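These protein sequences, in sequence, are chains X and P.
For the first sequence, numbering that gives the first Met the number 0 begins at 0 and goes up steadily by one.
For the second sequence, numbering that gives the first Met the number 0 begins at 0 and goes up steadily by one.
Quick caveat, the hints were computed from the structure, so don't treat them as lab data.
Hints are not guaranteed to be accurate.
Unchecked claim - Stretch-level coverage of chain P by chain X, calculated; a stretch enters the list once three of its residues show a Cβ under 8 angstroms from a Cβ in chain X: (1) 115-127; (2) 237-247; (3) 407-415; (4) 437-443; (5) 456-467.
Unchecked claim - Capping the alpha-carbon separation at 27 angstroms, the derived lysine-lysine pairs in DSS-like fashion look like this: (6) X/Lys35 x P/Lys90; (7) P/Lys90 x P/Lys103; (8) P/Lys90 x X/Lys61.
Stated by the list, open to error - Label-pair ranges, simulated between beta-carbon atoms: (9) X/Arg36 x P/Ala62: 44 to 52 angstroms; (10) X/Ile53 x P/Asp125: 42 to 50 angstroms; (11) P/Glu442 x X/Ile53: 35 to 43 angstroms; (12) X/Leu56 x P/Asp200: 40 to 48 angstroms; (13) P/Gly69 x X/Val59: 24 to 32 angstroms.
None of these values were measured; they are calculated from a predicted model.
All residues carry an ideal CB built from backbone N, CA and C; glycine is no exception.
The chain contents come next:
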Amino acid sequence: MTFAAKGEPAMIEPSKTERRPYEQSFYPPVPTPFTKRMRTNLLWQFFRFVVLNIKMLRMVRKH
Amino acid sequence: MARLLILGGGIAGQTAALHAKKRLGGSHEVAVVTPNSLWNWIPSNIWVGVGLMKPEQVTFPLAPVYRKTGISHYQAKAISLHPEGSAGQPKPFVTIEHTSPEKKGRQEIVTYDYLINSTGPKLNFDATPGLGPLHHSQSVCTYDHAAHAATALDEAVARMQRGEKQTLVIGTGHGTCTCQGAAFEYLFNVEFELRRRKVRDKANLVWISNEQELGDFGIGGMHIKRGGYITHSRIFTESLYTERGVKWITRAHVKEVGPNTILYETLDGEEKTVSFDFAMLLPPFAGVGLKAFDKQGADITATMFAKSGFMLVDGNYEPKPYDQWLPSDWPSTYQSPIYKNIFAVGIAFAPPHAISKPMTSPKGTPIFPAPPRTGMPSGVMARQVAFNITDMMQGRSEVPTRQASLARMGAACIASAGNSFWNGTAVAMTMYPIVPDFQTYPETGRALRYTTGEIGLAGHWIKHLLHFGFIYKARANPFWRVVPE
Ligand SMILES: Cc1cc2nc3c(=O)[nH]c(=O)nc-3n(C[C@H](O)[C@H](O)[C@H](O)COP(=O)(O)OP(=O)(O)OC[C@H]3O[C@@H](n4cnc5c(N)ncnc54)[C@H](O)[C@@H]3O)c2cc1C
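Given the sequences, and given the hints that come with them, work out the whole structure.
See below:
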């Protein structure tokens, strides 16, 4: 991504092939395909649904 | 019979009105002054803004609910408070101006015994030249703004379908904005929608905000335990932006929005631009501009309200540097220190200071988020205040006994990142306390046991359930009290 100085147009290309060292997208951790799959895996997410509801109810009961 | 008057029928006002009426029954009157005929579940406006919901799905008419519950209703906006009455009116009163088509513009006074100010924010688009749906950028703060944004998004998608590249900039439209979470949700719902409409490869998505770092959200971010580390939300947020191909500009005060260019100042004092084809930038919030007068008619607005227009309550408003901020600065009963029968809840009360660390550019421009007051804390404080007032009205107590300080309250937040029953996702967060307490939790300011976050489909299911649950509750349908705030 280029941050343009005042008056210059800033054109920002999202293409993955352009990811290079020292760009902001180079540093953060990115999920593995397994982690991403689990985010929409129905069985796992049903379990997380129950866990999240318990966590949220615990928060509600704290006031 | 005494009257509790509630100004503003939004998330906080509706919660207060329903709880108060339930407790008071026919023994005392509860009256609401609110300018819109419709109630809006604001968090779902982001789905209106991407065309997945219609305004009718996030709103309902208020009048039948008030009729059913026995709450008196004025479709009007409050203009001025007269907490000592006036020469001709011994009781405290509020001057209102009607907004319904039949009575539009007509003014009237409404007396009260107890008053709750829950008028929410003024969407202060005027703070940034060119900002807002009347000018060059979109908003999702109201359902009609969101519907307008959906149309503009459709137009951008049509251009992408014709093969044109488009830059979509989403974030905050001023250096002092709050509500970054709402802009975050809109960003990732747009990204999800562009993929669904098969034009993602034509879109450059750019986030712009006044946060010091991604993941600040106006609460200084939060630390959570994950994978053997205690990690700041910045890392998780940067990860999500990278995964979804979104570039980010932080520490930015948007100075001006032109037809296709945003001019912004950075915390380093530089002026830069980013060009756009579609922009959704949230405005900064201010109080709605209520005035206050004493018995003689002298203007006492400055003693009842902060400069921002929000109402001063029982917080510690003494200006002090960040390292001297204390949890005890935050109000707990929301009672006016001057008039003990007046309270302010939700966005309408004046926070004592920010939560994120204040930062200023070399030019003296403040560039840091104002503190958010999201739905859950707004609802909780509204309920507690309603309970306190009803106790006082029914002679059970002379002073407010229940507290709801943001420094001793936890919150659960669900931030949508894509709306689909099968492959949507949302970030589900819990935190305790909302305002970090570095005395009790010296490392991170919060209890790690209760401060959590994760992204997944389960979060989306909960967000969807909350949509129906809160609308059900606000309609005062049977067993509405089972739905927590
Ligand atoms: C796009 C968006 C998404 C959001 N998403 C979430 C989310 O996912 N989760 C969450 O917890 N929070 C979310 N929030 C924040 C949440 O909407 C607010 O915390 C909440 O609305 C605050 O409630 P309130 O009652 O103080 O203000 P509001 O709900 O804004 O209500 C204020 C009411 O006062 C009325 N009013 C204004 N002026 C006057 C006057 N002069 N006299 C009388 N009445 C007046 C208004 O018409 C309105 O009805 C979101 C906010 C936005 C903008």
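Between the segment 237-247 of chain P and chain X, are there enough contacts, at least three residues with CB-CB distance under 8 angstroms, for the coverage claim to hold? holds (count 9)
Please test the hint of 40 to 48 angstroms on the beta carbon pair from X/Leu56 and P/Asp200. 42 angstroms, holds
Does the Cβ pair P/Glu442, X/Ile53 satisfy 35 to 43 angstroms? Since the Cβ atoms of P/Glu442 and X/Ile53 sit about 25 angstroms apart, the hinted range of 35 to 43 angstroms is violated.
Run the distance test for P/Lys90 versus P/Lys103: straight-line Cα separation, threshold 27 angstroms. 25 angstroms, holds
Within 24 to 32 angstroms: is that where the Cβ-Cβ distance between P/Gly69 and X/Val59 falls? 28 angstroms, holds
Between the segment 437-443 of chain P and chain X, see if three or more residues pass the 8 angstroms beta-carbon test, and mark the coverage as holds or violated. Our answer is that it is violated, as 0 residues pass the Cβ test (under 8 angstroms) against chain X, missing three.
With a cut-off of 8 angstroms between beta carbons, are at least three residues of the segment 456-467 of chain P near chain X? holds (count 5)
Mind checking, does the segment 407-415 of chain P have 3 or more residues with a CB under 8 angstroms from chain X? holds (count 5)
Measure nothing beyond the straight line between the CA atoms of X/Lys35 and P/Lys90; if it is 27 angstroms or shorter, mark the hint as holding. Distance ~62 angstroms between X/Lys35 and P/Lys90 Cα, so the pair is violated.
Holds or violated: 42 to 50 angstroms for the Cβ distance of X/Ile53 and P/Asp125? 45 angstroms, holds
Within 44 to 52 angstroms or not, the Cβ separation of X/Arg36 and P/Ala62? Given a distance of about 48 angstroms, which is inside 44 to 52 angstroms, the answer is holds.
Is the straight-line distance between the alpha-carbon of P/Lys90 and that of X/Lys61 27 angstroms or less? At roughly 38 angstroms apart (the allowed maximum being 27 angstroms), X/Lys61 and P/Lys90 break the hint.
Taken one by one, the earlier hints fail for this structure at numbers 1, 4, 6, 8, 11, listed in ascending order.
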